[in-house]
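Trainee: Going line by line, the protein sequences match chains D, Z and P. According to the working numbering, the stretch in the first sequence is residues 1 to 265, in order. According to the working numbering, the stretch in the second sequence is residues 1001 to 1265, in order. According to the working numbering, the stretch in the third sequence is residues 2001 to 2265, in order.
Simulated from the structure, these hints should not be mistaken for laboratory data. Remember, predicted model here, so these are calculated numbers, not experimental data. Each residue gets a CB set at the ideal place from its N, CA and C atoms; glycine is no exception. Please note that the accuracy of each hint is not assured.
[Unchecked claim] Cβ pair distances, simulated, as ranges:
no. : chain 1 : residue 1 : chain 2 : residue 2 : range
1   : Z       : Val1265   : P       : Lys2016   : 29 to 37 Å
2   : D       : Arg107    : Z       : Thr1254   : 36 to 44 Å
3   : Z       : Val1265   : D       : Asp253    : 33 to 41 Å
4   : Z       : Arg1110   : D       : Gln76     : 27 to 35 Å
5   : P       : Pro2211   : D       : Gln76     : 41 to 49 Å
6   : P       : Glu2212   : D       : Thr258    : 19 to 27 Å
[Claimed, not checked] Which chain D residues stay away from chain P? Per the calculated CB distances, all over 12 Å, these:
no. : residue
7   : Leu160
8   : Leu252
9   : Arg263
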Amino acid sequence: MTDQYDAWGALARLRKAGPLVHCITNYVAMDVTANTLLAIGASPAMVHANEEVEDFVSISSALVVNIGTLSPAWVQAMGRAADRAVARGTPWVLDPVGVGATDYRTRTARDLAGRKPSVVRGNASEILSLAGEVGGSKGVDSTRGAEEAAGVARELARGLGCVVAVTGAVDYVTDGRLTLAVEHGHPMMTRVTALGCALTGVTGAFLAVEPEPLLAAAYALALFGLAGEMAASGAIGPGTLRVRLIDALHVLDTIPRTELRIREV
Amino acid sequence: MTDQYDAWGALARLRKAGPLVHCITNYVAMDVTANTLLAIGASPAMVHANEEVEDFVSISSALVVNIGTLSPAWVQAMGRAADRAVARGTPWVLDPVGVGATDYRTRTARDLAGRKPSVVRGNASEILSLAGEVGGSKGVDSTRGAEEAAGVARELARGLGCVVAVTGAVDYVTDGRLTLAVEHGHPMMTRVTALGCALTGVTGAFLAVEPEPLLAAAYALALFGLAGEMAASGAIGPGTLRVRLIDALHVLDTIPRTELRIREV
Amino acid sequence: MTDQYDAWGALARLRKAGPLVHCITNYVAMDVTANTLLAIGASPAMVHANEEVEDFVSISSALVVNIGTLSPAWVQAMGRAADRAVARGTPWVLDPVGVGATDYRTRTARDLAGRKPSVVRGNASEILSLAGEVGGSKGVDSTRGAEEAAGVARELARGLGCVVAVTGAVDYVTDGRLTLAVEHGHPMMTRVTALGCALTGVTGAFLAVEPEPLLAAAYALALFGLAGEMAASGAIGPGTLRVRLIDALHVLDTIPRTELRIREV
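Same shape as in the complex, but just chain D (with noise of 0.2 Å):
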């Protein structure tokens, strides 16, 4: 089956296209989402002011946007790009960061949600707070398991007509319809901070190349989970862990192209 799933064949288009990807993201993820775009092929540019938003917006690829740090200004941008990118057709994905652990969190959250996204990706925690459910959101991080949310992100993604992804130990990828389990990663990667924003950036770097949402982010998943499996790899702890996953996205297009395992459930 993973003959159509050509997530090799998109890296190659993402690694020529070299595509602006435009983030409004959050003060910890920024650095490390902008150096992990540059390392997959893209070009990252974080810009959030209301005064240019819009035009911004107009000359990317695609858009990211991510709640982590908010404060109204930034949320006022923020859906001043979503709707922007929509009008345009331009491709963008939200990154719930919190959703569930204040009101202002989960109104922004789900306002943003309702602006018609191509993909919602977050934890467990995040997806079961988007939808309604009473999650166990201890802030960021994920207290229920990604399986036990897919359920809820098949609904989530009818409910929103677009591409939810939940991450986990193992990631789930649904349009509503069809849901693909996703295979890769290493549980050290969830001791460095941001890696899942910077995934969400990723994410957004292979909307521009691949026309379905929902397997740009089956391969954003796939090959940012392959390339934190490297990095793990002889890894002592998170510090070269996130020296090495940069260095793994780098040279992602030089090394033997591995099976992923990506399989529809």
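Following the hints, put chains Z and P in place on chain D, whose structure we already have.
Mentor: Just chains Z and P, lined up with the frame of chain D:
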């Protein structure tokens, strides 16, 4: 005397609890603070909006406030978060970065220091400035020895009714009555940005698991300093030091428990 | 001719002085800029609030202004800080990140460029956009060669009455009369985020110890580029490159002093 300073036991509790540490910190420090907290075993979250800081403090086990890159909206949120923490009995730690460098910074640091922090951590210049001494503050670097500031710290601790930690070649922690000296760390740590801020974050994590603020601060200083020594051994420069420090914090509970240099003075 | 370009002597002065460099830079660049400045021997501080930027410029040896992630309050603070720097005779350097990508960005960059910076540093697209040429700006990446922009830079330097540095495979620095070419660096440096911003920071540090802005900029370009070459040698990818670059800047005064490729063109 070391038997009474059970830093290793506190570390084991920290690892088990994985406390949620709410950080309102500066833009430079966010990445390394989050990675440091993850490596030591805590769960960091950076949340600064006035619309949600009180809600977020309410679900957190400790609060970290750092004024490194302050602005009016953030200062307001810091005050709100601190007040909520005190009202809930949640421990909080203040890092008065650069106090003394500008009037705005000094006013802000003093206002926050008056809101009953559990611990204030700064370098000698910062502690002297906070206490109203004419410090030789050159921005954010210490220009006077920590030892010199230890006496001032004792008075400041009595005045504020909290623990004050002065960091330098030797660190001093005092509650105004008892003063502990901690002798760990490496000079190259001063060439990596925001490690003092990260240490303040780690202090927050220990406050979540050790009810005595004097001990929590001393344990954070000792173990963070020990990890710094491990990192500096074999580091070419501050680039590798930072990576190795994160790794060292991660493996801290797997190494032989050495006796830590904490002593009463 | 190299004898007249005493970059190593300037580095020795920088190490000795440890100048306080006030940076108003973008969120992505803060961490790597601060670490780069510490590694080269300066003392960085990130301060952006309108309430304190003028006070902080007054105690600093150089000012760095970078518009990467601009917003109204920050733009106002940048103008204030620049004006205060000029009034005090403190050198300042402007990095017009992404000028040309949006109207807001272009207006802001041109306004700041008119406030008598000592040096403006950008890639070819940025310098062309700043000069009013129709650049091919795709956000923050250069799409036209630095060489092509060198002529425009000369005119811009004359118009602004300052030094203009255009960076690319070969860097050009000009005061409108004399133009220097600097041939150092490595292509992989473009895959690490914010290294251009960090270089602008290092230019600020050299402005603090070298009274001639043309030379200060050339020295910063040459030594930063040399450190990049050292870092790239043996680097697997941009992850290790960044770590090794910080290390290389740190050890720069301990290596044999090679002749630097700075020449008049």
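Trainee: Each hint needs a verdict: does it hold in this structure or not?
Mentor: Evaluated hints:
no.	hint	in the structure
1	Z:Val1265 with P:Lys2016: 29 to 37 Å	holds (34 Å)
2	D:Arg107 with Z:Thr1254: 36 to 44 Å	holds (43 Å)
3	Z:Val1265 with D:Asp253: 33 to 41 Å	violated (58 Å)
4	Z:Arg1110 with D:Gln76: 27 to 35 Å	holds (33 Å)
5	P:Pro2211 with D:Gln76: 41 to 49 Å	holds (45 Å)
6	P:Glu2212 with D:Thr258: 19 to 27 Å	violated (55 Å)
7	Leu160	holds (29 Å)
8	Leu252	violated (10 Å)
9	Arg263	holds (29 Å)
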